[in-house]
Each structure stands twice: as C-alpha cells, then as structure tokens.
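Going down the list, the protein sequences come from chains A and B. So for the first sequence, the working numbering puts the first residue at 25; every next one is plus one. So for the second sequence, the working numbering puts the first residue at 426; every next one is plus one.
Source of the hints: derived by calculation from the structure; they are not laboratory data. Incorrect hints may have been included.
What the hints assert, rightly or not - Listed next, the in silico DMTMM-like pairs over lysine to aspartate or glutamate satisfying Cα-Cα at most 20 Å (straight line):
#1 Lys148(A) x Glu103(A)
#2 Lys214(A) x Asp183(A)
#3 Lys452(B) x Asp160(A)
#4 Lys108(A) x Glu87(A)
#5 Lys206(A) x Asp225(A)
#6 Lys182(A) x Glu159(A)
#7 Lys452(B) x Glu126(A)
#8 Lys165(A) x Glu126(A)
#9 Lys182(A) x Glu139(A)
#10 Lys214(A) x Glu152(A)
#11 Lys165(A) x Glu764(B)
#12 Lys98(A) x Asp82(A)
#13 Lys98(A) x Glu762(B)
#14 Lys98(A) x Asp870(B)
#15 Lys452(B) x Glu159(A)
#16 Lys148(A) x Glu159(A)
#17 Lys108(A) x Glu141(A)
#18 Lys165(A) x Asp197(A)
Unchecked claim - Now the in silico label distances, taken between C-beta atoms and shown as ranges:
#19 Ile745(B) x Glu139(A): 40 to 50 Å
#20 Val248(A) x Ile463(B): 51 to 61 Å
#21 Tyr457(B) x Arg249(A): 45 to 55 Å
#22 Ser140(A) x Tyr457(B): 27 to 37 Å
#23 Asp160(A) x Tyr440(B): 17 to 27 Å
#24 Leu462(B) x Val248(A): 50 to 60 Å
#25 Met25(A) x Val744(B): 53 to 63 Å
#26 Ile842(B) x Lys98(A): 34 to 44 Å
#27 Glu139(A) x Asp732(B): 49 to 59 Å
#28 Arg866(B) x Met25(A): 21 to 31 Å
#29 Leu462(B) x Ala164(A): 18 to 28 Å
#30 Arg839(B) x Arg143(A): 36 to 46 Å
Here a beta-carbon is modelled for each residue, glycine too, at the ideal position from N, C-alpha and C.
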Amino acid sequence: MITVTDVHKEYIDGETHVRALRGVSLEIDEAEFLSIAGPSGSGKTTLLNIIGCIDTADSGSVEIDGAPVNGSSKRSLVEIRRAKIGFVFQNFNLIPVLTAYENVAMALALMGTPESEIRERTMKLLREVGLSGMEDRRPAKLSGGQQQRVAVARALVKDPIIVLADEPTANLDSETGESILKLMEDINRKRGTTFVFSTHDQMVMDYAYRLCRLHDGLIESDEVRRSA
Amino acid sequence: MTVFKSSRTGHHRTYAGLRMLAVLAAKNLTRYRRRTLITVSAIAFGVAIFIGMASMLDGLIAEGDRNLVRYETASAAITGTGYWDEREQYPLDITVADVDAVVSALEDGDIAAAPRVGFRGELIVHYDPYPEDGSVHLNMYGIDPERDARVFHLADALIEGQFLDPGEHGILISAWLAERLGAEVGYPVTITTRTRDGFHQILDMDIVGIYETPNPTVDRSAIYMPLDIADFYLEMRGAVTAIHLALPEPVPGAADLQPVRAALERAGVNLTESPAAGDGGPQSSAIELLSFDEMTAEFAAAMELQDAAFAVVLLLLGVIAVVGISNTMLMAVLEREREIGMMRALGMRNGEIRSMFVFESAGIGLIGAAIGLLLGAALVWYLTAHGIDYSAVLADVEMDFRFDGVLYGVWSPRTMITAAVGAAVLAGAVALLPVRRILRRGISDSLRQH
Numbered sequence: 025m026i027t028v029t030d031v032h033k034e035y036i037d038g039e040t041h042v043r044a045l046r047g048v049s050l051e052i053d054e055a056e057f058l059s060i061a062g063p064s065g066s067g068k069t070t071l072l073n074i075i076g077c078i079d080t081a082d083s084g085s086v087e088i089d090g091a092p093v094n095g096s097s098k099r100s101l102v103e104i105r106r107a108k109i110g111f112v113f114q115n116f117n118l119i120p121v122l123t124a125y126e127n128v129a130m131a132l133a134l135m136g137t138p139e140s141e142i143r144e145r146t147m148k149l150l151r152e153v154g155l156s157g158m159e160d161r162r163p164a165k166l167s168g169g170q171q172q173r174v175a176v177a178r179a180l181v182k183d184p185i186i187v188l189a190d191e192p193t194a195n196l197d198s199e200t201g202e203s204i205l206k207l208m209e210d211i212n213r214k215r216g217t218t219f220v221f222s223t224h225d226q227m228v229m230d231y232a233y234r235l236c237r238l239h240d241g242l243i244e245s246d247e248v249r250r251s252a
Numbered sequence: 426m427t428v429f430k431s432s433r434t435g436h437h438r439t440y441a442g443l444r445m446l447a448v449l450a451a452k453n454l455t456r457y458r459r460r461t462l463i464t465v466s467a468i469a470f471g472v473a474i475f476i477g478m479a480s481m482l483d484g485l486i487a488e489g490d491r492n493l494v495r496y497e498t499a500s501a502a503i504t505g506t507g508y509w510d511e512r513e514q515y516p517l518d519i520t521v522a523d524v525d526a527v528v529s530a531l532e533d534g535d536i537a538a539a540p541r542v543g544f545r546g547e548l549i550v551h552y553d554p555y556p557e558d559g560s561v562h563l564n565m566y567g568i569d570p571e572r573d574a575r576v577f578h579l580a581d582a583l584i585e586g587q588f589l590d591p592g593e594h595g596i597l598i599s600a601w602l603a604e605r606l607g608a609e610v611g612y613p614v615t616i617t618t619r620t621r622d623g624f625h626q627i628l629d630m631d632i633v634g635i636y637e638t639p640n641p642t643v644d645r646s647a648i649y650m651p652l653d654i655a656d657f658y659l660e661m662r663g664a665v666t667a668i669h670l671a672l673p674e675p676v677p678g679a680a681d682l683q684p685v686r687a688a689l690e691r692a693g694v695n696l697t698e699s700p701a702a703g704d705g706g707p708q709s710s711a712i713e714l715l716s717f718d719e720m721t722a723e724f725a726a727a728m729e730l731q732d733a734a735f736a737v738v739l740l741l742l743g744v745i746a747v748v749g750i751s752n753t754m755l756m757a758v759l760e761r762e763r764e765i766g767m768m769r770a771l772g773m774r775n776g777e778i779r780s781m782f783v784f785e786s787a788g789i790g791l792i793g794a795a796i797g798l799l800l801g802a803a804l805v806w807y808l809t810a811h812g813i814d815y816s817a818v819l820a821d822v823e824m825d826f827r828f829d830g831v832l833y834g835v836w837s838p839r840t841m842i843t844a845a846v847g848a849a850v851l852a853g854a855v856a857l858l859p860v861r862r863i864l865r866r867g868i869s870d871s872l873r874q875h
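Just chain A, with the same shape it has in the complex (with noise of 0.2 Å):
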C-alpha cells in the first residue's frame, strides 16, 4: 500500500546540516499496526512526515497505494492528505475554540460532505472513540487523554487510508497512553485503517505488531512482534 524506496532527506538546523534519513527503505501493508521507534534525532519523525506528504524526500521514492508521490504538485500533495491520511500528533493540536464535535465534523466539512452525513459520521466516531455526552465541550474542558481521543476521531472520520501518529503518547501518563493505544488497536482491528506511529516510549513499542527501529537515519530492525 505504501513504498519507501531509499529515502534522503537533509534538512538546515541553525548552520548545522542534519542528514535526516540516509537510504530508508519501507514497505506497509493494509491494515499494519506499525511503530517506527527510535531516539530523538534518528529521523522518525521526517519519515513520517514524508509517508503523510507533508514533506517531500531529497532524493528516493515513496508510493500510496500505487501512485508515486515524488515530484507531485503541492496541490496533489494536498489532495492526497485531504483524501487519504489522517494525522495525529503529540499536542493533540485541536482548535481550541472549536467544540469536539467541530473539531471532528471539521474535516469532512471541508471535503463537501453532506451536513446529515457529517453529523450521522462524526457522532459515531465520537461514541467509538469513548467521547459521547461530550461533543459540546471545547478541548479545554477535555482531559488529555480526551483530547486525543478527539484527535483519533479527526484523523479517521474521514477513513483514511492511513493514519500516523507522532508520539501520541508522549504528552499522556502511562495509563492514559495505554488507552489509546488500545482504542487505536481495536480501531485498528475493526475497520482495517493502517496505523503508523513513531514512539520512543517501550510500552508504544511492546504494542506494536511491527516494530521498526531508526537510527542515525537508517532502518536498523524491522520486525513484526506480534500477529494480528
């Protein structure tokens, strides 16, 4: 579904040139739970950044669902993360003046999604990602853990083919983390969306049915830990 085919990226630090990723090379299947784990510094999040089109790579290629992504327009680019990719990101980064409902129906709003359709989507996605009774309240009025789950809603309620998360715990205590980890799971098992998430957090990692570990830019393991 997705192909990373030898992916440099290079990017300005201040005076400093940081080599991002040096030759990485990545397939991910339909229906994957993939953590790309390292350090800070190794490039995971570049990697993701470059999967979810919101970076384009130096040099190599990288593929969704068959089509190349190289050398697309930023306009395609657009279309593209409209269409297929959710994202979720360690600050949750909903609008805060934004009830969850808004913040969720937002995405498809923009699509041109019928309002009945909108409304009928995003309450479901809200029930199952726990959040009934709160779609009035704005993030503020949300725990962390709450806003994440607001997060997830806005990263599928337009099923996309993919969602990368960025260290989605990290901002989370463990027991709150672990919770959505286990929504995105069974979200995961459910519907079949692919998730890829970067994490240096081991509990994120013993979650993974497919671990791949980033170092210094390169691939260092790639392995599945457990079967679905």
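On the provided structure of chain A, position chain B as indicated by the hints.
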C-alpha cells in the same frame, strides 16, 4: 446541497465547508478578546471620524453653495459676454444694456430677476461722528430694492435701520464693517469711484441700514445702494453688470436653466446678442446666461483642493486602521502557526486557510464598521442639530469659505455606507499578507512552532 465552484482552483467548495470556515473565523474573534476589542475600537473610531469629517465637508459645501446663491450669485445670472471672467476688475463696459427688455421677458415667465451694477470704490469716513478718519476699498452694488429682495436674502439679513429706497442716497453696510468703522445708522459716508467712462466721481451717502449675513465674503467686502443712484453717478445709462435670477432648485445651485432660455426666446431676447439699445443708450453687446456652476467654478476648484486635503486626512486614518488590524492579524497568524500547520497537514487548502483569516479579519472590520457607523450617525446627528461654532477661530481670518462660523453637518448615507463597507473590505484584505508569509513555510516547520 449548495456547491460553489472556485474558478481559480477548479475545486468544489461546499456550503458546509464555507460555513465551517465562517464559524471558525467567528469563534476565533473571541479568542483574543482584548486585542479584538482594541482593533474594533480603532476601526470604529476611524469610521466614525471619517463619517463626521465627510459630513462636515459636505456641510461646508452645502452651506457655501447656499450662501453663494442667497447673497452673491443667485441661481443663475445674465451678464455681458465675458463679464464673469473679468468680474474681479469690476468692469463697467461689459454690460447688459436693455435691462427692461430682459427683466420683463423673465418676469413674464414667472422668473424673479434682480439687476445689479457692481463696481469698486473707496468708502471714506471722517472723525466725528466716526471715532477716527479712515477709508476702505470695497465692492459696491447698485441694487433694485424691490426686485433684489425677490432674488437675494439681503433684505432678510437687515439687523438695524431700513432697507434701501429708490432715489435715496442711502447705503447698507455690514455689521462687521460697521463695528470696525464705528459706524451707526444715519452716519454719513463719502464714496469715491470712477464712472463708466472713467471719470472720477464722488458720492455723499448716508448709512440707512446694517445687515449681517452668514456669508463672510459679502459681510467683509460689500456695500449696497439703490440701483438708480448708482446708475446716475456711474453714468450707466440704464445698463447693469448682471441680472441675477431666482429659480426653483432641488439643492442650491442645481437649477434648470431651460425655463430662462424659453422665456427669453419667447420675448425675442437673443442670448448671443443684447436687445437693441435705446437712444443715447450703450452700444449693443452680447449677453450670456451663466449657470451657478459656471459662476462658482473657482470656488468649486478651491473646494476640490479642500477635498484633496480631506483625502490626505482620510488616508492617514486608513493607514492607522490598516496598521492596527495588520498587527492584530499578524499576531493572530504567528501565534497560530502550529494550528495552521495542523490544518494544512489535515488537507486544508491554502485558499481555505486564507479564507478563514480573511473572514476573521473582515469580521473584526465589520464589527468595527458597524460600531463606527453608529458612532458616526450620532456624530452626524449632533453636527446637523448643533453644528460646530468656528466663529472665534475665524473672526479675523481671511478665508474663501462662505460660512459665518457655525458649520453644520449634513447626512450622507452613501458616504456612511461607503466608509463602513470600505473598512470591512480593507480589514479583510490586510489579513492576506501575514497568512501568505506562513503559507510559504513548510508544514513541518509550522508544526514545530510553539
């Protein structure tokens, strides 16, 4: 479902999407309440001042036009051809010769007409009864008292003494001049001038009345005497320098001249040539009909200059409002860079992000404009009801405006709506620049911002 198609991108933008962007923009207005309030206040202040200043300027123009019509030009005038261009020299050789024929023709057409002879002269006063000897050069007018009162408002402006009587050696002077000369009704004056043929002439006259008009140009420069006296001493032989006309006007200075032309045509008075002169009368000369606009072209030019100065003030106000809202939007955009990055990562198009900020900025502009409109309306109400008294400031100032110190505003709904809509549109537009700056950054860079 309503679907809008963006012509530039070809993408379909839905009602739900636009509504969501609008809702988000509206909610963001409450996000930084204090900053929004300050910006709204700045815009409201700017719009209100704009409306107030426009009202005053329109009032100044309206008052000027009214006072020109009432005391100087009337609705229109018939003069010897070329007289108006030379009027500041007060020539007595460019005239309307057969006044009776023209005036009769006009009066037959129910058009009030007031013949006048305008000339320059020196008014001389002597110690006792005056406090001291003195003289002043003035514009002098010989007027037909009865007809003049039908066209001009001078008779209504009399505050002391009586209006002129034909055949009487009396003059009207302004209260402004009387105060400076120490003159009172009944005091004698001597006037020196030149006749139509260029000979020196001296007239001994008495002050019979003192007037006070709202037109400072008239008050400071004009005295009046009966037309027959002026005619005799200036040897005008029945000719006048102008015949002023009173016509129905929707607003001062906007009269239709067609009835004048028709009345003259019916009586066989040709506007390109004067009627035949009588025995011993002046040589025939061409006459022309002048509209208010033609007579006040220089005044209008001066007003245009004032308009330009006004535009500069407005530009400054606009700059203040733009800088204020730019700053607010720049802060809003920079503070929400990570949020913008998140929206872009989720697939929000640049146009949608721009729209959201434009809605937000226009929302601030709209609230500011609405409040400014209300404040401006209150200001205009005050200005129309009470005006602003500039008399103390203008007491000894030479100026070309025709108002006497209390300036009243006028209602101009068009200006008010233009100001409000302009502020909202401008506010919306200024959001584009800071958004553009953020959209040029990489999404991952934006997501890293704290």
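Quiz prompt | Hints violated by the structure (listed by number, smallest first) | solution = 1
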